[in-house]
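As given, the protein sequences belong to chains V and W, one line each in that order.
Mapping the first sequence onto this note's numbering, position 167 (from 1) lands on 167, and the numbers just tick up by one.
Mapping the second sequence onto this note's numbering, position 285 (from 1) lands on 1285, and the numbers just tick up by one.
Worth flagging that the hints you see were computed from the coordinates, not collected in a lab.
Don't take every hint at face value.
SDA-like, lysine to any residue: derived pairs with alpha carbons at most 20 Å apart [unchecked claim]:
#, chain 1, residue 1, chain 2, residue 2
1, V, K52, W, T1199
2, W, K1209, V, M47
3, V, K52, W, W1191
4, W, K1209, V, T17
5, V, K150, V, Q202
6, V, K52, W, P1201
7, W, K1048, V, P93
8, W, K1209, V, D48
9, V, K52, W, G1308
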Amino acid sequence: MTREEIIKPENLVYKKTPVLTSNVMHYCPGCGHGLVHRIIAEVIEEMDIQDKTIGVAPVGCAVLAYNYFDVDCIEAAHGRAPAVGTGIKRLYPNHFVFTYQGDGDLAAIGTAETIHAANRGENMTMIFVNNGIYGMTGGQMAPTTLKGMKTSTSPYGRDLQTMGNPLKITELIAQLPGALYVTRQAVHTPALARKCKKAIRQAFENQKLNQGTSFVEIVSNCNSGWKLPAVKANEWLEENMLPFYPLGDLKNNK
Amino acid sequence: MKELKLMKGNEAIAEGAIRCGCDGYFGYPITPQSEILEHLMLENPYEKTGMVVLQAESEVASINMVYGGASVGKKVMTTSSSPGVSLMQEGLSYIAGAELPALCVNVVRGGPGLGTIQPSQADYFQSVKGGGHGDYRLITLAPASVQEMYDFVELGFDLAFKYRNPVMILSDGIIGQVMEKVEVGEHKPRWTDEYIAKTYPWAATGKPKTRGHNIITSLNLQSAEQEKLNIRLQAKYKECEVTEQRYETFQCEDAEYILIAYGSSARICQKVLELARAEGIKLGLIRPITLWPFPSKIIHEIGLKTKGILSVEMNAGQMVEDVKLAVECKVPVKHFGRFGGVIHTPGEILEALKNF
Ligand SMILES: Cc1ncc(C[n+]2csc(CCOP(=O)(O)OP(=O)(O)O)c2C)c(N)n1
Ligand code: SF4
Ligand SMILES: [Mg+2]
């Protein structure tokens, strides 16, 4: 096929959603963040809610998420996205509000805001990208770092006695009456990415019901922080992260 | 029609918020200002004006809810007292860095630490010199009456939106708790979403097809860009310093000595003026209303004609530094104050003046 034939509209097999900007993403090749962004953007496009969506970016590798989503965005302080989202949603209750956070942001420094937003049942979508490490700051131990896992601040492996236990915050969230939908997903295979998209779609659709918080954890990789090539990182994720953080719905009250 | 009400200072803040068309209040209880949240909950403005009132899980959460509300162009505020305001400093720095309008009230109590619930002015430095990180300023208003507690809510929002900058009302436990007569205004309607989108095109109100997406952030990875932001901020602060210095003067025309005091201290100093004048001492008083921008111009003008200036503060000597700068140390400047929650008496102040 010639280039001219390939670019004919009828031969189009894949198109970037217009809800993603054309800015070049800064994520490491193979990182899950970019995929999660694309899925969220596709859901916003398919629901036709671009003009009514407000996103809240974290401090973490996704701090620049606002450069990639072509929706109005706010960059929150480290851990405070659920409080920022609360302020927005309370004042624009008919808009779609989503927060996007890493594990350090959501489950360490911002634990109080996470728990209380979900406990109040803030009618928003919380996206939680769990890569078991602090990607942005160079691979330090996170609240979700697995037992024995080596990071730059647990160089001999996470010792549960002195460093505490990995935190299953999603299980905690599922206990809260304010949480309507709580699910754990992954995006490192096409099949899982499709499933994840369904979950994120539901998490956004739920905002029309005004019945509580929708919370989507995505168990993801950090090949840079884990010091593994991208493919190996995904294998490591399957073998180590998923047994401890099993996929599936934890709660679906819809 | 003039409507008069007898109110506590804290209630006046709440009433001022409802009546000026505030969209959202987020706060956490702490003495001596819990009546603000209590009064708002009792009034239930959501039913009347649609104003959101939410008890947050902490002051950290409150200020970040305010950050969210300010990002979408709404008139939002929080209130607290000293330890709580310490927790808000990161958030205030973000609000200043992202150039958002927001209102915060500090009903100051004695510190440091958990300190005391008694009134104090020991948070002057924190508010005026920037308690959070980075080169930013808080426009700081110092009410000296319950009426001003009421009035400064609307004034605070006006300044916040004019400069896209956080505004602090720096009050204290006396003004917060005392009851006085207040003339309240009519209920003003809240801004509509359409009005906000039109008037504040920077607000992240949801991206219509007609514009690019709005981004609210205080991050610039390139230091050259961050320097540009800082230069813009400094220009704004300069303009503010030129146009917004507010103050009140009392009997300064023939004054040989002057007192400088704000808030509750200024109220006490008015009594000192009476006592001093009765003894034939030519004493005047300048009351800064804006603590930042500090009313340096008038203090310089009047101060240089006097033999000495006494800065009277319920702290160990904070504003006195700005007074010295205002008169370029050309006139003797001293500080008098009780602190840790102790309120100075007019007699003590007069004594300090006599020993000047
Ligand atoms: C108050 C504050 N403390 C610490 C930091 C430094 N910091 C930036 S990102 C980060 C951790 C991010 O990790 P995570 O939330 O897991 O996101 P990831 O990069 O892994 O996606 C830290 C500690 C900060 N910016 N602000
Ligand atoms: S450091 Fe880790 S989380 Fe960050 S972009 Fe790279 S792979 Fe992704
Ligand atoms: Mg992480």
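Going through the hints against the structure:
For a cut-off of 20 Å, the pair hint linking V:K52 to W:T1199 stands: about 18 Å separates their Cα positions. In summary, the hint linking W:K1209 to V:M47 is supported, as the alpha carbons are separated by about 16 Å, within the 20 Å threshold. The suggested pairing of V:K52 with W:W1191 holds, with an alpha-carbon distance near 19 Å, which does not exceed 20 Å. Under the criterion of a C-alpha separation no larger than 20 Å, the hint pairing W:K1209 with V:T17 is consistent with the structure, at around 15 Å.
Distance hint between V:K150 and V:Q202 is unfulfilled; the C-alpha atoms sit about 36 Å from each other, more than 20 Å. Simply put, V:K52 and W:P1201 have alpha-carbon atoms about 16 Å apart, close enough for the 20 Å limit, and the pair holds. Pair hint W:K1048 plus V:P93 holds up; C-alpha atoms about 17 Å apart against a cutoff of 20 Å. Distance hint between W:K1209 and V:D48 is fulfilled; the C-alpha atoms sit about 12 Å from each other, no more than 20 Å.
The hinted pair formed by V:K52 and W:G1308 fails the criterion: a straight-line CA distance of about 61 Å is larger than 20 Å.
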